[in-house]
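Q: Here is how the chains run, residue by residue.
Protein chains: 2
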Amino acid sequence: MTDSTLRAAGAPIGACCPPIVTAALSEQDAEIMAAMFKALADPVRLRLLSRVASHPNGEACVCDIADVGVSQPTVSHHLKKLREAGLLTSERRGTWVYYRPAPGVLASLGAFLADTEKRGESEVP
Amino acid sequence: MTDSTLRAAGAPIGACCPPIVTAALSEQDAEIMAAMFKALADPVRLRLLSRVASHPNGEACVCDIADVGVSQPTVSHHLKKLREAGLLTSERRGTWVYYRPAPGVLASLGAFLADTEKRGESEVP
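Respectively, the protein sequence lines represent chains A and B. With the working numbering applied, the first sequence corresponds to residues 1 to 125, in that order. With the working numbering applied, the second sequence corresponds to residues 1 to 125, in that order.
If you are wondering where the hints come from, they were derived from the structure by calculation, not from laboratory data. Hints may contain errors.
Because identical chains cannot be distinguished in the list, a pair is counted as satisfied if it fits within a single copy or across any two copies.
Simulated pairs of lysine to aspartate or glutamate, DMTMM-like, Cα-Cα distance not exceeding 25 Å [stated by the list, open to error]:
#, residue 1, residue 2
1, 81, 67
2, 81, 27
3, 118, 64
4, 118, 91
5, 118, 84
6, 81, 64
7, 80, 91
8, 38, 27
9, 81, 121
10, 80, 67
With the hints as constraints, model all of the structure from the sequences given.
A: Encoded structure:
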């Protein structure tokens, strides 16, 4: 996801850039965001994402969060899907791969949803 | 989606209630949110949602937003999916069904994502 795409989603990028809100969502931005929402469209993945973000240091490996009721290979599979969608980043350290939320991406998706709701509200007569 | 579920997602409910943030996402809340993200996991639906929210009065019927490159029956199908997921409400007036964002729902999903990102960031040493 590029900075311009993130800005199109109504999100602040870095400390210097104000949010830019676009009334109409472009086809390209819609494709990118739909792929991310698809990765979020699974209850186990949502719980894993929440667990990773809540873990000390804001990162976790499979060994830290394997208690969500599915097997460790399944946890690894879901974390990989979240990484491939650009929602998590990963770093291998020794035996384990550590995951953390990709900076700015969840906030940008959240800002798009909040902005969409706000636009609807602000137009109510 | 109940008020308690929305609050569990880290969202403000109404004017009186502060956001309540939970570190661990429950299985039930994850199921509810995953179904909503599934409805958002389609680029045409995202563009239609954006169009509905951007339309004058914050509502639109199929007749208003049928120019996203798919047939009118397909637009109707996608709007119905968004309504079934709880993201849009609908009201029939005469010939047409008018859609608008369901109050608080997109903002709640957005707050969950923003909060998840924030938790990850705040734990970085």
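Q: Hints first: check each against the structure and report whether it holds.
A: Here's how the hints hold up against the structure:
1. 81 <-> 67: within (18 Å within a copy, 33 Å between copies)
2. 81 <-> 27: Answer is both; intra-copy 23 Å and inter-copy 19 Å each pass.
3. 118 <-> 64: The answer is between: 20 Å across copies meets 25 Å, while 38 Å in one copy does not.
4. 118 <-> 91: Only across copies: residue 118 and residue 91 sit 20 Å apart there, 37 Å inside one copy, limit 25 Å.
5. 118 <-> 84: between (30 Å within a copy, 21 Å between copies)
6. 81 <-> 64: Close inside one copy (18 Å), not across copies (36 Å); limit 25 Å.
7. 80 <-> 91: within (12 Å within a copy, 41 Å between copies)
8. 38 <-> 27: Close inside one copy (16 Å) and across copies (18 Å); limit 25 Å.
9. 81 <-> 121: between (34 Å within a copy, 21 Å between copies)
10. 80 <-> 67: within (17 Å within a copy, 36 Å between copies)
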